[in-house]
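Asks: Please construct the entire structure, taking both the sequences and the accompanying hints into account.
So the chains spell out like this:
There are 2 protein chains.
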Amino acid sequence: MAAATGDPGLSKLQFAPFSSALDVGFWHELTQKKLNEYRLDEAPKDIKGYYYNGDSAGLPARLTLEFSAFDMSAPTPARCCPAIGTLYNTNTLESFKTADKKLLLEQAANEIWESIKSGAALENPVLLNKFLLLTFADLKKYHFYYWFCYPALCLPESLPLIQGPVGLDQRFSLKQIEALECAYDNLCQTEGVTALPYFLIKYDENTVLVSLLKHYSDFFQGQRTKITIGVYDPCNLAQYPGWPLRNFLVLAAHRWSSSFQSVEVVCFRDRTMQGARDVAHSIIFEVKLPEMAFSPDCPKAVGWEKNQKGGMGPRMVNLSECMDPKRLAESSVDLNLKLMCWRLVPTLDLDKVVSVRCLLLGAGTLGCNVARTLMGWGVRHITFVDNAKISYSNPVRQPLYEFEDCLGGGKPKALAAADRLQKIFPGVNARGFNMSIPMPGHPVNFSSVTLEQARRDVEQLEQLIESHDVVFLLMDTRESRWLPAVIAASRRKLVINAALGFDTFVVMRHGLKKPKQQGAGDLCPNHLVASADLLGSSLFANIPGYKLGCYFCNDVVAPGDSTRDRTLDQQCTVSRPGLAMIAGALAVELMVSVLQHPEGGYAIASSSDDRMNEPPTSLGLVPHQVLDQYEREGFNFLAKVFNSSHSFLEDLTGLTLLHQETQAAEIWDMSDDETI
Amino acid sequence: MAAATGDPGLSKLQFAPFSSALDVGFWHELTQKKLNEYRLDEAPKDIKGYYYNGDSAGLPARLTLEFSAFDMSAPTPARCCPAIGTLYNTNTLESFKTADKKLLLEQAANEIWESIKSGAALENPVLLNKFLLLTFADLKKYHFYYWFCYPALCLPESLPLIQGPVGLDQRFSLKQIEALECAYDNLCQTEGVTALPYFLIKYDENTVLVSLLKHYSDFFQGQRTKITIGVYDPCNLAQYPGWPLRNFLVLAAHRWSSSFQSVEVVCFRDRTMQGARDVAHSIIFEVKLPEMAFSPDCPKAVGWEKNQKGGMGPRMVNLSECMDPKRLAESSVDLNLKLMCWRLVPTLDLDKVVSVRCLLLGAGTLGCNVARTLMGWGVRHITFVDNAKISYSNPVRQPLYEFEDCLGGGKPKALAAADRLQKIFPGVNARGFNMSIPMPGHPVNFSSVTLEQARRDVEQLEQLIESHDVVFLLMDTRESRWLPAVIAASRRKLVINAALGFDTFVVMRHGLKKPKQQGAGDLCPNHLVASADLLGSSLFANIPGYKLGCYFCNDVVAPGDSTRDRTLDQQCTVSRPGLAMIAGALAVELMVSVLQHPEGGYAIASSSDDRMNEPPTSLGLVPHQVLDQYEREGFNFLAKVFNSSHSFLEDLTGLTLLHQETQAAEIWDMSDDETI
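Quick note, the sequences are listed as chains C and A, same order.
Residue numbers are given in UniProt numbering: position 98 of the first sequence equals residue 98, and the series is strictly consecutive.
Residue numbers are given in UniProt numbering: position 552 of the second sequence equals residue 552, and the series is strictly consecutive.
Just so you know, these hints were derived from the structure itself, not from any lab.
Some hints could be false.
[Claimed, not checked] So, partial list: chain A residues that the calculated Cβ filter (under 8 Å) puts toward chain C: (1) LYS141; (2) PHE403; (3) LYS423; (4) ARG576; (5) MET581.
In this text the structure is predicted, and so the values were computed from the model without any measurement.
We put the CB at the ideal spot given by N, CA and C, even for glycine.
Replies: Below is the structure:
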């Protein structure tokens, strides 16, 4: 009676849309993907969601995306139906706003339509459960803009309800309900799934059968006036089916409507109430489908989700408010670093930088600035060694201290610096050691510093250097750099050395000897031979890292006590205030560059800069004579050095000989002059 | 009867030494002198102390030095006697320790001896009151090491006491005491002083007369068996005279002892007790002096003060404990700066730097680092402008913020930065303004920013620029630099501009137009003419400051909205973390260098660096067309700029014309190619 154009006397079927439920885990994973994988790639990505038909009454139908959404092979949660989506994550808020949402919807609708026409959707009904997610992730603020779309093809006209909707228990006997549960469960088991999105139903008073869509013809042999179909329904409303039914009805109309007059729909809802299974609240109704078998064109589609205000617009979630602030800080700090890899330095190996363990010897002007720059690079393991206390003049030049740190005689710098790093970034592993570094020419076996204390200090320093990857020499005396330079060379640790003048500074890396296991023959040769080696070739050409020298290599005076008899301006590092920031920053950038080199500390020192007619930052060779003695005699050798005047080290390293030779050369020159 | 060799039956005269009383004011003044005047000069300096004979019983005799000690023309406090000293302030603790104290004492003793022999001490008895002060000021720690010496010539043998000492009231009647007071006061008045260190006394039962040393012969006409002398005695002990008597007795023995057999000494002590004058506690005694008239050689001398432990050694005072910590911080901060002037840059005019008022537009990575460097240079007036809040990624790169500042949405940067500066150094005058800077291409007459708010922002910015000397442009967009660049140029304020790339940066000063009062004819000419001017001569030769351009001068696109449609890595300043420290430090060092130039912002831009074949940092000219319009139309002009697309500014500045000309040139080139 009622024509396909619809009977105005009958009420029309309406559908409850999905609410998108995007889990915090989803946004976190999107953040990671964006930072590390997608970067500037805006190409559509496959993602995956799911929905559930067992919620308590009152809950909206939700399409849930969680952290696993990006893993297409991840299992769907038990008794849930999967939905396959496409993520359009834009690079800018502007392109998010201007994205052609109509076109995106049409494209998705067309895919669904093609799967219906081709029959692919009969084989794999999940193809009907397609969704789109348009996002823009403002990772600076942890604001996520998104717009969700579950495309639903529209039937040419609205569907007149012939019967219902009513609760399933009003049409099915208890027996029939149990039989439906049983048939559904068996089919799931046969198919190896825990939920079926769409299925066919055939029943009489005693039996209920269910089948897959692809078996339609076999299941409903011959023409009928009415067929029954089942849909896994995430909706909880008594009067309305949920959204997934829509594309199913289009499929039914397109493929099957020529063979029946009306379709009965079971919206299968399957929850557990007080420990007992309950599908009786499923709803059932009968609608008349239009004849669509011969429509070639994709019907129009709807599906963009309304926002919280009920209008057509995107939503925004501000995760910064609900995230653990410390974790938020960690992600944010990583962000700036990872952005470098997006466009500017895609080959940058950040892990090599972030994981490096840095030992900062000196927590003064240079130490503070080096630590600040390391933090900027995301370095998480920073250890300070210093024996000074914070004085009133420090905070304006040493950017880890404040006025309050100076009160009461001043806090120990090493400890205060470590505390400050924690305050700046709780994710850092910062420690401070308030200790002295034994120095040549600063005798240890009398005065208040006992030999035993010196031995403990040396051991402590050895352990610290051993447990770090890079040693920064940032002290204010020359001689305090000696012992750590020797220990670090012996342990094959990268040493970065920075020192300030008034408007000059030096930032250099020490050479790194070849590993010991390569045998003594491979150690760098003694410096006379090596110098000849260098001089014989191009003096300032590229020099391999293992042939580079240390801070002391070019000195013609061995380190001794430089702190005695110094005027006030010699005691304080008098330098242009900007200099320490520049030198500190360069020291860290140098470390980063060395770490990025495939050979690390063995990287060749390049002098290819045409503008520079000077040698590379460092030249000369590691004083291996010293290293040999240290490695053979240990602390006994060191004690001699601490307590001796210059001559001990100068004799050992050949400087005494060098001085004598130089004097001899001068004498010869003079007599030469006279004879001419 | 008793021979000059001394009678063993008589007790010997002993003297109470001075205690040095070095006031905090003295050390403070020494600090100032050392920092600003002496610097590395170790030459002896004349200083001045005083002593008092009116103390209550129990107080030691003190030689006091206070802040006025360095001003030889400063008046001696009323009723005190002056003492003239020599300050030996060493540069190092080492030279303090190794100073030849025996020699110093001998030299001083010799001067006293010569003044006795020559009679100069008779004319000016203060010559007998000589003292030495050997000091080392450790201004880093506010530890002052010192050793005080009051040289006393020794008589060849000890002096036998013939009578006394007893209280003056046991020998003088009340009448005599009153007469002594009266005679002393009259002599002081005649001499125009309030205290006399040494004087002669003549008395009988009814009268007491006093006289100056130089009148000895007239006063004591003819030979006597005994003379009476008076000494202004800082000592309070009943049995002993104070130290000043010693050199007086040597003088008496040398010059007068041939004319009498013994000398009676009145140790004049003159205090006020409960409102009444009291000299009765003065002591009087009689000693036999040795005959010294014909000794030509300086007697041996004593006088180095014992330290607190009672041994011969220096004393140390730690003023850091008793100084106001905030003042201590101020002095300490100045110290490092002033040390630059000692040896390295004696011509450095620190006042020009310390007193400069700096406006920092932007309190991000660059702003924080610029502020830190300004603090290092002692700049006391720093104002921040920013409209952003602190986010979690900021603290590791923006060295004025900590993790806690990010909580709850983040504190406003400008305010937090100013707070942090106060925490670093309480002496700074730091303020923050949480406000936006109107920008070209960011329309102001719709959206949430109203025209009225923009007008207030412009006025606020104009006032801020007016009330500062240097404007730093440290924002993260190009167009936000436009308005402050225009206002600052109009107000003739020095502009320092810094901007970061990934591993590049620009730090430049803007040109400073000639002052307005020089007449329109002197303003820099329009840029076509000026460019021709420059091109006609050497393009990159030295360019006077008033011909230098600004950040926008070489742009061929006018500033517009660059924040729209930016990807995450374009929104964040992605740069090597060390770069901001380097650029920030260089920006401040550039400012300091410009300030030190006699012409300040008008300093010539030098391009004399041979290695650089590139133009100096900045070139071209201030877009005066813009300036003219701004100065004529004010906010109405600005509102047009904010709301317009590029074309408005491009038309105004001639860029449109330039583009057209360039296009025309390209067309011509192409057709040229074709015809050949």
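Asks: Checking each numbered hint in turn, tell me which of them this model violates, lowest number first.
Replies: none
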